[in-house]
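Asks: Can you build the whole structure from these sequences, using the hints too?
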Amino acid sequence: MSEKPYIDRTGTPLVEMRNMSISFGGIQAVDDVSIDLYPGEVVGLLGHNGAGKSTLIKILSGAYHADSGEIFVNGEKATIANPRDARTYNIETIYQTLALADNLDAASNLFLGRELTTKMGMVDDAQMEAECRKIMHRLNPNFKKFAEPVSALSGGQRQSVAIARAVYFDAKILIMDEPTAALGPQETQMVAELVQELKRQGLGIFLISHDIADVMELCDRVSVMKNGQLVGTEKVEDVTDDDILGMIILGKKPGQKAA
Amino acid sequence: MTDTTNAPAAPSNPPPSRAMNKGAWSRFLTATELDTRLIGMVAALILIWGGFHMYGVLVNGQGFFLTPRNLWNLSVQTASIGIMATGMVLVIITRHIDLSVGSILGFTAILMGMMQVNILPQYLGLGHPLIWVITVIFGILCGVLIGGFQGFLIAYGGIPAFIVTLGGLLVWRGCAFLVARGETISPVDSTFSLLGGGPYGSVGFIGSWIVGAIICAGVIFMIVNGRRQRTKFKFAKRPYWADAFLAILGCAAAIGAVLLVNSYPWPRGIVRQYIAANNLTAEPSELFISHGFAIPVLILMVVAVTMNFVMNRTRFGRYVFAIGGNPEAAALAGIDTKWMTVKIFAIMGGLAGLSAVVASARLNSATNALGTLDELYVIAAAVIGGTSLAGGVGTIFGAILGALVMQSLQSGMVLIGFDAGMQQVVVGSVLVLAVFLDILYRRKSK
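Chains as they are written, first to last, in the UniProt record's numbering: chain A, 1 to 259; chain B, 1 to 446.
Simulated from the structure, these hints should not be mistaken for lab results.
Be aware that a few hints might be false.
[Unchecked claim] Pairs of lysine to aspartate or glutamate, EDC-like flavour, derived with a Cα cap of 20 Å:
id, chain 1, residue 1, chain 2, residue 2
1, B, K237, A, D124
2, B, K232, A, D125
3, B, K234, A, E148
4, A, K145, B, E33
5, A, K253, A, D243
6, B, K237, A, D125
7, B, K234, A, D125
Replies: Spelled out as structure tokens, the structure:
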């Protein structure tokens with residue numbers, strides 16, 4: 001395991017979600033959960049399927065509306081009613097499903113909803129493709145299929161389009177939902193390196209994952225959820241893999257006896 | 001109008017030439033970036049046209065299909081369906097359907113008929129030059145409101161488009177009947193009726209050459225501009241010969257169309273009227289007055305170019321494709337998919353209103369049966385033109401070609417004397433066959 005750099009958690013958090021709750025048809029998907037994130041930090045969100053991780057994060061990215069709770073960005077109360085609002089706070093999301101329009105090419109997906117336009121207000125495909133080539137060259141130099149629809153791309157290539165979309169627009173807060181689930185070892189390594197680089201640039205990252213090894217390597221803190229509730233948030237250097245497993249499976253905090 | 005899409009001449013020795021020939025063909029396709037599906041549709045069209053003509057020659061002793069007169073009529077008949085098909089492309093790309101366009105056409109035609117025959121003359125006086133302008137704007141606006149209302153129910157009410165527009169199919173047809181009390185409104189304003197075509201509703205010899213010149217200039221501008229863009233961003237360029245070929249092909253098609261419409265003269269009776277009206281001394285048989293492009297065809301051209309521009313050069317068009325490809329992703333990208341749906345159906349309604357202008361002007365009257373079954377021809381045109389019912393895929397020009405294919409079949413069968421029943425059998429079968437071929441094509445290209 002790599003040595004964790006020191007993270008200053010005394011100032012204002014980049015994001016703070018306070019007492020978030022949301023229910024769907026009587027099922028309490030997220031129940032009074034509070035988490036926060038500091039600049040240059042990676043916070044892992046762990047839990048079983050259906051623990052409420054993705055739902056919590058979709059509130060932050062504007063896909064869902066919370067029933068109650070408040071979101072603060074840089075200490076100021078933020079109103080996020082839709083994905084467009086989230087983007088104005090520089091919150092970018094890489095969804096587990098990647099959220100790509102399969103019939104469009106990489107550049108169109110990269111700029112979807114934020115197209116570059118000419119002075120006349122028309123979409124500037126040539127300019128967008130040129131920008132797309134630049135960022136893809138940085139992220140994934142092997143990427144060559146700029147003219148094809150993304151349905152023709154491999155899983156890793158599709159992933160890099162989704163990542164490019166989050167990185168291109170100067171994200172301050174990045175949400176990654178299972179970013180390596182569909183990837184081979186080499187591409188997983190690529191994502192890990194990218195996370196380290198973004199950290200150095202001072203971004204805050206929420207990383208949703210199932211893979212504890214992944215989390216222990218990449219994250220600075222972990223927040224574990226179970227049945228919609230927050231079990232606890234721990235610094236990675238303070239806990240072992242087994243402690244985290246206990247939190248996920250039994251819902252008990254380290255040092256605490258199983259309920 | 002001859003086939004200009006021949007491949008470069010094939011070498012003579014058979015066994016190796018086959019592979020080489022194929023290589024040349026696919027190289028040709030790559031270089032020109034022509035869509036194979038579009039080429040296929042043009043080929044199908046040529047086959048249909050040639051087939052009907054030859055059938056006439058062999059069975060009746062004379063072919064009527066490939067004559068200026070028939071092709072000119074075909075262009076006018078295609079206009080109404082073609083205009084609506086460009087809107088249906090948007091609707092189907094976003095995974096919806098609109099079954100109400102024929103009824104919207106009928107209803108807006110009746111509303112426009114009332115407007116220009118019963119209401120406006122009271123205030124402006126009969127034959128006032130503004131009557132047709134107000135009527136057309138009013139008709140399109142009514143279509144937009146009706147379509148937008150249906151779109152609102154679909155997007156915000158969550159009712160499937162199939163149901164909303166199936167209801168609309170009955171509701172608007174019924175409204176047309178109620179408003180006109182079942183009567184036919186005729187004749188329409190004399191300027192308005194020019195929008196339906198006919199000898200006076202065409203732009204004539206010089207007008208057609210001007211139109212042809214504009215098209216040629218447009219084609220050349222697009223090719224030069226595309227080349228400049230690619231140079232600017234250092235993308236791979238088409239070879240010079242491919243660009244030149246496309247330019248020549250586009251201009252040849254435009255010039256061919258002009259020659260065709262200009263070779264169809266006014267009928268003798270109209271010429272006689274014209275001579276009388278202008279106090280000329282010529283004999284009707286001496287005067288050759290060209291029809292030129294019919295106004296409805298020009299309307300279709302303008303609609304096609306505009307819609308193609310909207311689909312490929314604006315954010316709106318990009319979002320239409322994105323919603324069709326993955327509605328959830330489009331919403332997550334911050335696109336207001338509900339409002340987009342309202343806008344798309346409003347455009348469809350507006351185009352149905354415009355089609356109502358063309359259709360009622362052509363008939364010189366508004367009846368409440370106008371546009372009956374049009375929805376099926378419009379959907380068929382879009383689908384034959386390569387619009388995928390699974391969403392996300394479709395082109396404007398493809399849909400217009402599809403409309404032309406449908407109309408060619410229809411009028412071709414009339415010309416060779418098929419029964420109405422037989423016509424329906426053929427049109428229905430062709431629709432199913434076209435979609436099947438399309439599925440095979442997609443499966444292969446995957």
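Asks: Return the numbers of the hints above that this structure violates; sort them in rising order.
Replies: none
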